[in-house]
Amino acid sequence: MKTAEKTVKWTRHDLLDLDELSKEEIELILETAKSFKEVSTREVKKVPALRGKTVAMLFFEPSTRTRVSFELAAKRLSADTLNIAASSSSLTKGESILDTAKNIEAMNVDMIIVRHASSGIPKILADALDPSVINAGDGCRAHPTQALLDMFTIEDKLGRLQGVHIGIVGDILHSRVARSNIWGMTKLGAQVTLCGPATLMPQYIERMGVSVTHDLNFVIRNCDVLMALRLQNERQVEKFIPSIREYAKVFGINSQKLKQAKKDILIMHPGPTNRGVEVSAEVADGNNSVILDQVTNGIAVRMAVLYLLLGTKNTRK
Amino acid sequence: MAAHSVENTEWVFFASPFVFIRQNILRLRWGRGIAINNLMNNFSKIMDKEAIQRALFRIAHEILEKNKGMENLCLVGIRTRGVVLAERLRECIRQIENQTVPVGILDITLYRDDLTLIDTQPVIHETLIDFDITGKIIVLVDDVLFTGRTIRAALDALIDFGRPAGIQLAVLIDRGHRELPIRADHVGKNIPTSLNQNVKVKLQEIDNTADEVIVENGRENS
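In the order they appear, the protein sequences are chains C and W.
Take 1 as the starting number for the first sequence in the numbering used here and just add one per residue.
Take 1001 as the starting number for the second sequence in the numbering used here and just add one per residue.
Just so you know, the hints here were simulated from the structure itself, not pulled from any lab data.
Be a bit skeptical, because a hint or two may be false.
[Unchecked claim] Restricting the straight-line Cα-Cα distance to at most 27 angstroms, the calculated cross-link-like pairs of lysine-lysine (DSS-like) are:
#1 C:K37 - C:K9
#2 W:K1189 - W:K1049
#3 C:K9 - W:K1202
#4 C:K45 - C:K23
#5 C:K9 - W:K1049
#6 W:K1066 - W:K1045
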């Protein structure tokens, strides 16, 4: 970790996905996040590092965790935030995303955090605009800060990522969280196994350096970390499986199945959880669950990302 | 060697009427010693291991004297070398009073006033103050006091942790050139410097060399 600090300089202007980051850059973010975790435990949860910076949050898809987490992260760094929800903006009058974003840029904001149901929107904005762009989830493609906080949580709990066996279970096909996590975790030396129904498993996903199985019990027996993913009903997932009930029976994680797991297995979930489907209430609230730690760590990780992207005057030029 | 002989004359000062002359001669010689050294090596050693240790011991005594003991006393070291010096001061105080004082670690990076002006962001390290500072006497510890901007940032950072009864400042080196109205309460050594010089404090715990303080001359000048 010491060596990563010394050698890596952060030069990036945007955070679109983890595939473009080097191993050292990811380590730098995680290392920086460690220091920011302490800020949120103080009596005065605020440091003046980003005073005078403005962060605009453009959320075209519903979100609680990510939006609140980004907003708290920005506020705890003393940046100003503004929220633009698609439903109450001029987008409903037919203004294009790019026009909306350009208007926001014209008001001199320093950063735009964007979530959209279509893959690639953050990239389009990053190419067209001067402010930094952070991808807060685009379609089925990427959700880099979620992956970073997942990795941070694993490193925080287990002390390492190198050699850790991580199982990701569920709707891999629609999951941007899974994709970003695969990029990041494999770069940091973790061993990733995907598990889910064949209809929800993208073809050729093995080429990303992961193994694929359809046997949940095998994953439960062998993994140090088990991450459950939500069935993305908003992406018409019911067409891919016979029924929710059958899915829950075969791929839902419950305490009965967990009996064969390692004793200190970590149960993770990027949220929101559909209790009783991908994970039972008992397991989600159980001792092995770190689901709420993930949420806590999310603020520290996002503070680190905001600090690195906004902390200096690096511009696109 | 030269520094040693100057110290000897301090004692003679009270004993002999010739002391003014002797001291001046020795000062001259000492001063020239630095000048020659500068020409040859482009740096000069100001303090060695023993001198640093003596200075810290004196500062520890001063802190205890000023605060009439160690009640409510806490040390907070500013990363990175201030932390090492704070640990050493704690050891000095333990030797004197046979009790230990709490030591906190402060990273002032997020409070710097030039964060948006520099090109690459400095690495953030953890701040670790695991005691309540409200009502306590805090002694901030740093290696070199220069412009005073680090201390300004440290004061802001400390206030975010609570409301101490008082904050004092202990530094190993005061090299002058303040840009803010800040002064140290306890100083190991005052070193008059020019702006193009560089004062380096090396401590064995982190620098893997013997303790020393050196003054380097800047390249562009002299």
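Evaluation of the provided hints:
1. C:K37 - C:K9: holds (21 angstroms)
2. W:K1189 - W:K1049: With Cα atoms ~13 angstroms apart, K1189 (chain W) and K1049 (chain W) stay inside 27 angstroms; holds.
3. C:K9 - W:K1202: Between K9 (chain C) and K1202 (chain W) the Cα gap is close to 25 angstroms, so the pair holds against 27 angstroms.
4. C:K45 - C:K23: violated (30 angstroms)
5. C:K9 - W:K1049: violated (34 angstroms)
6. W:K1066 - W:K1045: Distance ~30 angstroms between K1066 (chain W) and K1045 (chain W) Cα, so the pair is violated.
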